[in-house]
Amino acid sequence: MSSHPWHPIAASHDLPFRHVFHGQLFGREFAVWRADDGYVNVWENRCLHRGVRLSIGVSDGRELKCQYHGWRYSNRTAGCTYIPAHPADAPARTITNRTFPAEERYGLVWSSLEEAAALPRVAGLDDANLLVLRGMPLNAPAALALAHLADYRFQPNNAIDSKEALVSIEAAEGFSIALRARSGSQETLAVFFVQPVDSSRSVIRGVLDRNAEGMVRNTILRHHNERLSALRDRVEREAAALPAAPPIEPVYESVAPELAEMPSLSASGRRAAITVQVARKWMTANDIAGFELRPIRGLLPTFQPGAHIDVHLPNGQIRQYSITNAPGETDSYTIGVKRERDSKGGSSCLHETVREGDLLAISEPRNNFPLRRDAVKTLFIAGGIGITPLIAMAQALSHMSLLSELHYFAQDETQLAFPERLATLGRALTSHLGLNPQATAAKLAELLVDYRPDMHAYLCGPAPMLEVARRIAAEKGWPDASVHFEYFKNTKAIDDSSSFEIALARSAVTLRVPAGSTILEVMRGNGIDMPSSCEQGACGTCVATVLEGEPDHQDVYLNDAEKRSGTKIMTCVSRACSARLVLDL
Amino acid sequence: MITLYDFELSGNCYKLRLLMSILGVEYKIVPVDFYPGREHKSATLLKLNPLGQLPIIDDDGLILRDAQAILVYLAARYDASGNWYPRDNPALLGEIGQWLAFADGITATASAARLHDGLFYDLDVEAARAGAHRLFRILDEHLWFGQQVGRDWICAADHPTISDIACFPYVLLSEEGGISRQDYPAIRRWGDRVKRVPGFIVMSGIFPAGPARAI
Amino acid sequence: MREMTSIDPVTLNLWYPIVAIGDTKPDVAGTTMLLEQPIGFAVGVSGRAAAWSARPDLRAGDTVDASSVTGGLPVKTAYGYLWTSLGTPAADIFAIPQYAEPDRRNIAAASIGVNVSAPRAIENFLDMGHFPYVHTGILGIEPHTEVKEYDVEISVDGDEILATRCRFFQPMASTVAQGGADVEYVYRVPHPFCSVLYKSSPLDEKRMDVIAIFLQPMDQEHVRAHMMLSVLDDQNDDTFIRRFQLMIFGQDKPILENQFPKRLPLDPRAETPIRADKSAIAYRRWLSQKGITYGVIPVAA
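Protein chains in written order, with my numbering: chain A, 1 to 585; chain B, 586 to 800; chain C, 801 to 1101.
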């Protein structure tokens, strides 16, 4: 019937900020919402978890929250960023709601049930000057509404009260019809798009080729509303006499197989999955460069606060950087890079070689530093460039009006990165400037003095500061499970002199790890896929579950309790004290 | 202190809880076993309201029945701002009266359909649903044209009035009677606005809105 | 009379509650729907009850001697409700032993119509994760949203699902102590469309209150939900307890009525389970294994 699959599903004025519009096309329902950054999201109207309509959910301007279990879905990507029932877990990245294309034009919001070429232009309509009529829903099939629209009579904008105008059909294509009314020297083009809502429901959406102001505008809108209401009544009477077609039953896509059971590890390695462009590079603080990375095409994957990406550098190195973005800020990733004096080339390459407009390869975001949002109070403690994951976290909690404090230790004012983001935190932010190691320790002791149940602390900074904080937290009665660390890197000397055997329980293979090789390398060499990122025992990506045997922990990712329990191992650096390790792989 | 004879799932009782919460008026509740106990038809309650309906209030001996009438009383008596029922604005009072009567129509249709589906009242549910859709079309059109001239509320004022409170509950509960609001986008937006009135409270069946965008 | 070909035998042979005894008038006929069949019932002065199908001569409100109805459907009274079956039911309805304890208050709280399938309603009843979002400030409150690990088993002898060691943070958990605390729950699903929940009693820490939901499927997507409480509460009157129960159920209702599809999909890939949904996963498998096709979308063969 139509040469293109685009249909209007709402008017632009149906989408004020923080509202979720309930739309439908060919029986398939949509939750439609405009994020605070203006982006229009058209999503399947169904939470992936238990099928509840998202149109009854809450838009906070950045994310849409399901009313049933509070699952949060991000602006643009529709990826799930938080599952409150499991606050310690990062949701699998593949939990992503179905999205549909969205285009705003002619004062209407357009979508399509299939991937479609660009929305075609409509002759005679100009975005800069038009008047959108009130949408007229009717209980009748679209075809019937279209048939009656051919006989629709109306007056030109400036001749509402003049003698009845002559109306001619200017064009008719698919689900639309363009009519021109002429009266004397006045004429107006009205284009009507009929939105097929379901087998026997539709909406007439009309657009006039000229805007008007004040009372005249109101008069024109009422004129059409009256006549379209009369048309609706005629169409509905006719439709009522027809045999009713059953509603279209939309087929819902199955979720990914790995989500049908509780998630296992996803594949794989240090892959550069995405190409981004450096849209902006600037010095956000002394020696710290900010990089805003935009996708070349399509959307960036969903990220959660605390997540990092691998950046594949032009010099062949791979480095990890935390995403600093606030929730729903999904059009780009912003990272901060400190120029390291003893840089082996990673930071200096980014500082000196990479420029705005350059392309970089990055990995999908990975979150090994997930943020719980069920604390009665959360402390964030950042040392220097350790601010980057914590600023994303602090913004997330601040946005949800959850109580948190961000303590930012730095040399001086000029070292404070991302001041524009820090400013959004208001009184939650305290900076501690120019403290020597003793003063830093004293301040940490002060901050960590008062542990209460349901408090959590997140720390990221240089290793010596984290070690001090770890000791103080333990002294002050913080349980390991309530203090979360992220190290920039593993500064411990790795002892890889041991040799031992690993048995992979699920793969049913046994392999020998010789001195000088890592578990990860041996597995990769035998074709066993394992995701990894930093490959120095800091980021947590290559974790495996230990079923038997005693690990020789050499990482800085697992906390003491986790290390003592002997049930997890970082396969990139850690080894075995026992002759054999059985891993759940 | 005001005593409200109350049934939790009654939209008409909720109108009063809502307005009293917004106005910060203290009150206490006498729970009435409206369903399944039909206590509103008991001799004790019939003495207070011979029509055998809820809500009823007792304000220091002044006994009033009928949700809309009590909204008028509460706003006239307890609203210091004078906005919810503007006693010195005849045109607005007329408009409010008109929409209070409209709210009765919503009760007779949308609420009736809900009672049928949820509490098994024996009535012509198709007629009730059709009647509710007729009213919702009128309300949606009214609110849409209001929005075109920057008016957020049912009556021509820059603030809500008791007509918004009177129409709100059974419109927002309509889906429990099988009446979808999908075709009434202006009503759905107005619902969000009512939910953001300071002092707003929910009842079973009505979810809160998120915060508005900071301007 | 409609054909009953779409009803699987397990569903057909189950006992179903149809009305609270307390909501009937002696020897006055009532009508309702069960599995798409119009049925009638009456409870006599003596307590004798009858139920029947296909009797257009007996309308709601007619006087009928319940003890003289012949050729009717099987009936039982249990837990304050009248139960019947359209097939050949088992000898007994599942047991709730606490119901007989002398110091308990047994209340047939209410029967509410919900536009949803029976299994969706059961699954919601088993779910704790929604407490902070749907029963805000009452059964849960943000940020205390975690569903802690719990155990689920399908008991071999009883043919029922049992979820134990369930705990969830509840604000104002106790009438004695201030503030919130974890409350303990045990869930049973002893019947495909009935569930019994045990919740630690605020009055006696060694015992548990019982809250049960019995669903009467009017058709695949519409139910009457009958609620029964057996509580250790000597302070509040029935009206107060009912009000609380109606408020809670009234909060669940718009969620249930906004779930799609309305019938419960048994294909594991239809929705996204998380660890917190262990009991729901077990329930879906159990329905599949039993061969129930009513009110569900069976796994495609």
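Take these hints with a grain of salt, some might be off.
Here are the simulated DSSO-like cross-link-like pairs (lysine-lysine), alpha carbons at most 30 Å apart as the crow flies [said to hold, decoys possible]: (1) C:K948 with C:K825; (2) C:K999 with A:K377; (3) C:K1062 with C:K1078; (4) C:K948 with A:K568; (5) C:K1062 with B:K780; (6) C:K999 with C:K876; (7) B:K613 with B:K632; (8) A:K492 with A:K563; (9) A:K489 with A:K568; (10) C:K825 with C:K876; (11) C:K825 with B:K632; (12) A:K377 with A:K163; (13) A:K281 with A:K377; (14) A:K476 with A:K377; (15) A:K377 with B:K780; (16) A:K476 with C:K948; (17) A:K489 with A:K563; (18) C:K999 with B:K613; (19) C:K825 with A:K377; (20) A:K563 with C:K1078; (21) C:K876 with A:K568; (22) B:K632 with B:K780; (23) C:K876 with A:K563; (24) B:K626 with B:K613; (25) C:K825 with B:K626.
Keep in mind the hints are simulated off the structure, nothing from the lab.
Note to self: For a C-alpha distance cap of 30 Å, please report whether K476 (chain A) and K377 (chain A) respect it.
What the structure shows: holds (16 Å)
Note to self: Just to be careful, I want the Cα atoms of K613 (chain B) and K632 (chain B) compared with a cutoff of 30 Å; is the pair within it?
What the structure shows: holds (20 Å)
Check: Does K948 (chain C) pair with K825 (chain C) here, judged by a C-alpha cut-off of 30 Å?
Finding: Violated, at about 46 Å.
Notebook entry, point to check: Can the restraint linking K489 (chain A) and K568 (chain A) be considered satisfied, given a maximum Cα separation of 30 Å?
Noted result: Holds, at roughly 19 Å.
Note to self: Tell me if the straight-line CA distance from K999 (chain C) to K876 (chain C) falls inside 30 Å.
What the structure shows: Given pair K999 (chain C), K876 (chain C) holds - Cα atoms ~27 Å apart, limit 30 Å.
Next item on the list: Take the C-alpha atoms of K948 (chain C) and K568 (chain A), compute the straight-line distance between them, and say whether it is at most 30 Å.
Entry: Given that 30 Å is the threshold and the Cα spacing comes to 21 Å, the pair holds.
Notebook entry, point to check: Is the hinted pair K999 (chain C) and K613 (chain B) satisfied, with a Cα-Cα distance of at most 30 Å?
Noted result: holds (29 Å)
Next item on the list: Compare the distance between the alpha carbons of K825 (chain C) and K377 (chain A) with 30 Å, and conclude whether the hinted pair is satisfied.
Entry: violated (56 Å)
Check: When you check the alpha-carbon spacing of K825 (chain C) and K626 (chain B), does it fall within 30 Å?
Finding: holds (16 Å)
Next item on the list: Quickly compare the C-alpha distance for K876 (chain C) and K563 (chain A) to 30 Å and report which way the hint goes.
Entry: Violated - the C-alpha atoms of K563 (chain A) and K876 (chain C) are around 59 Å apart, more than 30 Å.
Notebook entry, point to check: Holds or violated: are the alpha carbons of K563 (chain A) and K1078 (chain C) at most 30 Å from each other?
Noted result: Given pair K563 (chain A), K1078 (chain C) holds - Cα atoms ~28 Å apart, limit 30 Å.
Checklist line | Agreement of K492 (chain A) and K563 (chain A) with the hint, judged by alpha carbon distance not exceeding 30 Å | finding: Holds, because 16 Å separates the two Cα atoms, which is no more than 30 Å.
In this structure, the earlier hints numbered 1, 12, 13, 19, 21, 22 and 23 are contradicted, and the remaining ones agree with it.
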